[in-house]
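Undergrad: Here are the chains, one letter per residue:
Protein chains: 2
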Amino acid sequence: MTFTTLQNQLVPKINQALQAFLDSLDFGQSTNLKHMIAYHLGWRDADNKRGGTGKRIRPLLTLLCTGSFDSDLVSAMPVATGIEFLHNFTLIHDDIEDRSPFRHGRATLWKKWGIPQAINAGDALFSIAHLVLLDIAGNCGNLIAVQAARQFNQVCLHLTQGQYLDIAFEERDEVALDSYIEMITGKTAALIAYATKMGGLIAGVDKHKQQLLTKFGESLGMAFQVQDDYLGIWGNPKITGKSAASDLLTRKKTLPVLFGLRDCPEFRSLWEKPRHNTEQVNRMSQLLEDCGSRTYTQEQSTRYTNQAFSSLGALFPINNEFTHALNELCEILLNRKL
Amino acid sequence: MTFTTLQNQLVPKINQALQAFLDSLDFGQSTNLKHMIAYHLGWRDADNKRGGTGKRIRPLLTLLCTGSFDSDLVSAMPVATGIEFLHNFTLIHDDIEDRSPFRHGRATLWKKWGIPQAINAGDALFSIAHLVLLDIAGNCGNLIAVQAARQFNQVCLHLTQGQYLDIAFEERDEVALDSYIEMITGKTAALIAYATKMGGLIAGVDKHKQQLLTKFGESLGMAFQVQDDYLGIWGNPKITGKSAASDLLTRKKTLPVLFGLRDCPEFRSLWEKPRHNTEQVNRMSQLLEDCGSRTYTQEQSTRYTNQAFSSLGALFPINNEFTHALNELCEILLNRKL
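Chain order of the listed sequences is A and B.
Take the first sequence: its position 98, counting from 1, is numbered 192 in our numbering, and each next residue is one higher.
Take the second sequence: its position 227, counting from 1, is numbered 321 in our numbering, and each next residue is one higher.
Honestly, I wouldn't trust all of these hints.
List of simulated lysine-lysine pairs, PhoX-like, C-alpha gap at most 25 Å [to be verified]:
id, chain 1, residue 1, chain 2, residue 2
1, B, K346, B, K336
2, B, K205, A, K205
3, B, K367, A, K205
4, B, K301, B, K336
5, B, K332, B, K149
6, A, K347, A, K336
7, B, K205, A, K206
8, B, K367, B, K347
9, B, K332, B, K303
What the simulated footprint calls covered on chain B by chain A, stretch by stretch (three residues with Cβ under 8 Å from a Cβ of chain A suffice, anywhere in the stretch; the number is not a length) [as the list claims (entries may be wrong)]:
id, region
10, 122-130
11, 312-319
None of these hints come from the bench; they were simulated from the model.
Virtual Cβ for every residue (Gly too), placed ideally from N, Cα, C.
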């Protein structure tokens, strides 16, 4: 079975679980709070073609990992649902913190309902994520539920540490490469690693396999992020859907930029200009290439990608349909045809 | 032993537990995130005499309830600590949502570090609250830990529902009394009820006692809030430390005001004026008295107070030092000499 076939089966189930859990909660006179959450999740006022429910990559990873151990997907659903709620909670608060007016082509929560209500709706979703996650106790027992909840909160804390650095970096002229790696580990890789690890915890695998799953998820998350940084400068606009060198245009301090700021004074002095024309952007891109930033970023992306596939191979030597789909999902996410 | 003696013993222990848990966490390069949380909890830059650690009423209630059942306070400490962290998380976000520049005589987190970092620090504290709470598994087992965590998140959700209504009410001309009661039940009473109930869950009491404890905490929280509303208009400025009728001056839509808006057209037309002089404030206060709002508010306060003491009496017929202190704490909070 291909990934797409499984995805078409599982994503509706994930959406159904999310919606059913939200519907099971009593909102009293605060029905509009529920409305806000439903809107953010893509179910209400999806008045725009691009509006939608998101790709649900994280819960899919949990389900595919559980399935790869030939374990029952039903037991994994509370955790998968909790992870997706948590991810969406972070998006609500990130959008406020970044002042982003749009997400998936629709107005963000704070833009539509104001900052106070959006902060509060995020907090509500944070609690909802925990509530559904604890339902794991029903099929997996209280010990697993406590372990899953504890690690969930360690990841939440890790996410806020990554986010702290991300916000702090905006005000810094220079950011050390290792600080940047720590930031994306918290912001991107931690939750993906949790998603894959939980797939195994639910299937009852041993500590060693749990560690491999964590390594797999972490490498996958890092590879995805570093590749995203690469494509933000050297991606083909026809494929990325963004303008060429878009991250240079929007002045994003991504990995290749930080490398250039450190190693190429000419890049640095161009970067520090308040505005850039197309010629300057092209020049910056070329300078990054000349100073070895492009090669470095590509190497990092390849290193994490190889780590991810190597962990994956060590985890699931016996192939079932879920393992096939998991491999295919990684191929798609990491775009090996790069 | 009097309440003050026990308070002087227990509050330092609570502060120690809070600080030790925060210190046990790895913040990597995000040490300033830890600094922000420590500042909010009153331990850092307490450069102002009024700056301090807060009264820790909620964890005290948990410990006193556990002690009243002759149970070990050590087992209750993770929950007590989690409740205090959670309470402080709500304060960080409330301060942003209300745009309050000061708390305990010091700049609020958002005022000092900006809204994005303050939202994120609140989220970190939310996760920390959950983490320490789950430590209850060590002494009380996984079943109790799952129950405590589930109810914790139900309370978190309830808090956000109360907060949703509170923010929404600001934009409304009129708020129904039952909506107001629902709001303060979520914002104030839910967490206090959790604090008292958990004191019993940890002590291993039966469902009936847990229900009584919930009722006790809920009534205590409601009585405290309604009394606060009463004192906001008719409190003695020498005792409250605020100006006479301060809630009328600051246009707070408290219970007596909502009663007046509903029942007294003359009050309403005065209230709707954009500014009020002292004479008008006195007139509004008098109008509220004439239309029965003062009596109504006093009755509600008395009703909740009686409920609280009646639940307390039914819970702890055998008096130990903790029961004495618990009674005394309620006397102080509900200021029965009103």
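Undergrad: All hints are to be evaluated individually against the structure, with a verdict given for each.
TA: Hints, verified against the model:
As the CA atoms of B:K346 and B:K336 are separated by approximately 14 Å, the hinted pair is consistent with the 25 Å bound. Annotation: proposed proximity of B:K205 to A:K205 holds, straight-line Cα distance about 21 Å (limit 25 Å). Only pairs whose Cα atoms come within 25 Å are accepted, and B:K367 paired with A:K205 is rejected, the gap being roughly 31 Å. Taking the CA atoms of B:K301 and B:K336, the gap is near 42 Å; set against the 25 Å cutoff, the hint is violated.
With a C-alpha separation of about 21 Å, the suggested pairing of B:K332 with B:K149 holds against the 25 Å cut-off. Between A:K347 and A:K336, the direct Cα distance comes to roughly 17 Å. Compliance with the 25 Å bound is thereby established for this hinted pair. About 24 Å separates the Cα atoms of B:K205 and A:K206, which keeps this hinted pair within 25 Å; it holds. Taken as a hint, the B:K367 and B:K347 pair is honoured in the structure, with Cα atoms around 14 Å apart against an allowance of 25 Å.
Simply put, B:K332 and B:K303 have alpha-carbon atoms about 40 Å apart, too far for the 25 Å limit, and the pair is violated. A count of 5 residues in the region 122-130 of chain B with a Cβ less than 8 Å from any Cβ of chain A is obtained; the coverage claim is therefore met, three being the minimum. Chain A is given as covering the region 312-319 of chain B, and this is violated because 0 residues of the stretch bring a CB closer than 8 Å to a CB of that chain, at least three being needed.
Of the numbered hints given earlier, the model fails hints 3, 4, 9, 11; all others are met.
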